[in-house]
Amino acid sequence: MDINIWSKARRASTHRAAILVAIFGFTLVGSAARAEPTGVASPDQQAAASPQGDRSGARLAQNTCLQCHGTGVGPDLRQQQLNFDTIRYVTRNGLNAMPSFREGEISDAELREVADYLASLRVPAGQTPGVVPGSVQSREQH
1 MDINIWSKAR RASTHRAAIL VAIFGFTLVG SAARAEPTGV ASPDQQAAAS PQGDRSGARL
61 AQNTCLQCHG TGVGPDLRQQ QLNFDTIRYV TRNGLNAMPS FREGEISDAE LREVADYLAS
121 LRVPAGQTPG VVPGSVQSRE QH
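Counting from 1, one number per residue, gives the positions in the sequence shown under full-length UniProt numbering.
Do not take every clue at face value.
[Stated by the list, open to error] Label pairs and their in silico Cβ distance ranges:
#1 Q67 <-> S107: 13 to 21 Å
#2 G104 <-> Q79: 16 to 24 Å
#3 F84 <-> V123: 16 to 24 Å
Don't read these hints as lab results, they were simulated from the structure. Cβ coordinates follow ideal geometry from the N, Cα and C atoms, glycine included.
Using the sequences and the hints given, assemble the complete structure.
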């Protein structure tokens, strides 16, 4: 009789564990599905639609700059008239909370592509910019 009680307890415990694992798995899968936004253009699609069609500059900007500068963490680069030398200096040396990116991390040629792409996103003075396409902020809105 003692063995039967332990056997039932073990089965109940195993059953509860299986239910918890299933719930956790469904929650994880559901979270992953919600994390992928629909209707948000990829950096390649955005680049093709940009005035210059610069794919690598758009991709680099999306993966490095706009993670902060497109979300309100860093200044909105679309409202600033930054020349290439300023962009290179700040990128190489960092500024305030912005980390530095050395030549081995992003080349001057890549920086020039990013600068050209960012220039294509510039908002004329007096206009309020919308959300940066493809930024974390725009993904949260979908």
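A quick look at each hint next to the structure:
no. : hint                     : result
1   : Q67 <-> S107: 13 to 21 Å : 19 Å, holds
2   : G104 <-> Q79: 16 to 24 Å : 30 Å, violated
3   : F84 <-> V123: 16 to 24 Å : 19 Å, holds
Against the hints set out earlier in the document, a violation occurs for number 2 only.
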